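Given these sequences and hints, build the entire structure.
These protein sequence lines are chains A and B, in that order.
Each residue of the first sequence is one higher than the one before, starting from 1 at the first, in our numbering.
Each residue of the second sequence is one higher than the one before, starting from 1001 at the first, in our numbering.
Treat each hint with caution, since some may be false.
One side of the interface only, derived from the structure: several residues of chain A facing chain B at Cβ under 7 Å [to be verified]:
id: 1; residue: Gln20
id: 2; residue: Thr21
id: 3; residue: His62
id: 4; residue: Gln65
id: 5; residue: Arg80
id: 6; residue: Pro81
id: 7; residue: Gly84
Just the calculated beta-carbon pair ranges, DEER-fashion [stated by the list, open to error]:
id: 8; chain 1: A; residue 1: Val10; chain 2: B; residue 2: Asp1127; range: 15 to 25 Å
id: 9; chain 1: A; residue 1: Glu46; chain 2: B; residue 2: Ala1062; range: 50 to 60 Å
id: 10; chain 1: A; residue 1: Val10; chain 2: B; residue 2: Ala1055; range: 52 to 62 Å
Okay, the calculated bits of chain A under chain B, using three or more residues with CB under 8 Å as the criterion [to be verified]:
id: 11; stretch: 12-19
id: 12; stretch: 44-57
Because the hints were derived from the structure by calculation, they are not lab data.
None of these values were measured; they are calculated from a predicted model.
Ideal Cβ placement from N, Cα and C applies to all residues, glycine included.
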Amino acid sequence: MEDLTASEGVIVARLIRMDQTGHSTLAEWTRDDAAATEAAVAAFREQLDQGYYAVVSTGEGHAEQVRELPLDADLVILRRPIAGG
Amino acid sequence: MSTADAAAGAGGATRAAGAAGTGGAARGGAVLPETAAVYWRPRLDAERLRRRGWAWTATSLAHCVPFMATAVLMLALEPLAFPVAAIAVVHAWGIPALYANRGAGVVRARRRVGAGPERIALGLLGDLVGHEARALHARTGLMLERGTLGVWLVGEAGALLVRPGGRRVDCWCVRVDADLPSADRTAHLLLALREDEAGFATVANLAFSGAPWRLRRRLPAERRPALQVAVAAARA
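Printed below as a string of structure tokens:
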């Protein structure tokens, strides 16, 4: 996907989920690709329904939880809830 | 397509709000959803944290002083009772040491999953932080994060908070209920901390609060340099 970004000058956004494999890429989309965007939104909602939280890193030291897929974000990370140990 | 457009609009607005706040919006406005699970806990702030620290110190003294007083009294009444006095002194020393040991436990290494997932997870974690924090993590296994409450050292199942001035460190036990690579567990905690620092501290359980030197002795050797760096950062 980095090749696509470099060769075509298109920013490909990713929806990833932290899991046992390290992380899994659930969806990739560009603003111009309606089908990919719709698939990403569907995957996003499905993961939220399963109890994941979505986070967008907004620069070093800052992150923001999102409840709708921010299509202009480069990377959306899905995490599990935390709890006191 | 309408769904996507709606999402795009909402997402754009959210991003704009985050950018405007430069993280302050995220930390000051958004509340960590996990705080709902501990609704009875008051949301932590610097003042509450300071009071909890003093309460912790008072509790430690309440454990130690009676044992020390007993030791002194025994020796004053009957010097031959020194073995009993010695046992009392060991209790006075041992109880705070046990608490410090419990605090150090929050950043001890946990079980590893396969090398492949660990490597992938480490790559993602590395992308979230700067060079300095990445290098410290490679050396010590702890991720340094500066917050408004102090300087954090985030591990796999907890975090240390070195308060401004570097004279007190709090140990927070907090975990992710999933079988994940260690770097992913750290990333979970790091992201939650960045979303809402006060909420993170509210959700986490306080395992120890005291002087950094008391904790340092109980930390695994590879973790100690991280505490040293965090204390220096908190003093700066």
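So, going through the hints one by one against the coordinates:
1. Using the Cβ-Cβ criterion of 7 Å, the hint placing Gln20/A at the interface with chain B is satisfied: the shortest such distance is roughly 6 Å.
2. For the restraint placing Thr21/A at the interface with chain B, the shortest Cβ-Cβ distance is roughly 5 Å, inside the 7 Å limit, so the hint holds.
3. About 3 Å separates the beta-carbon of His62/A from the nearest beta-carbon of chain B, less than 7 Å, and the hint is met.
4. Using the Cβ-Cβ criterion of 7 Å, the hint placing Gln65/A at the interface with chain B is satisfied: the shortest such distance is roughly 5 Å.
5. For Arg80/A, the interface hint holds, the least distance from its beta-carbon to any beta-carbon of chain B being 5 Å, beneath 7 Å.
6. The beta carbon of Pro81/A comes within 5 Å of a beta carbon in chain B, closer than 7 Å, and the hint placing it at the interface holds.
7. With a least beta-carbon distance of about 4 Å to chain B, the hint placing Gly84/A at the interface is held under the 7 Å criterion.
8. Against the hinted window of 15 to 25 Å, the Cβ-Cβ separation of Val10/A and Asp1127/B comes to about 20 Å, which satisfies the hint.
9. Between Glu46/A and Ala1062/B the beta carbon distance is about 52 Å. The supplied range of 50 to 60 Å therefore holds.
10. Roughly 56 Å separates the CB atoms of Val10/A and Ala1055/B, a value that falls within the hinted 52 to 62 Å.
11. Given as covered by chain B, the stretch 12-19 of chain A passes the check, having 3 residues with a CB less than 8 Å from a CB of that chain where 3 are the minimum.
12. Check on the stretch 44-57 of chain A: 5 of its residues sit with their Cβ under 8 Å from a Cβ of chain B, so the three-residue criterion for coverage holds.
When the structure is compared with the earlier hints, no violation turns up for any of them.
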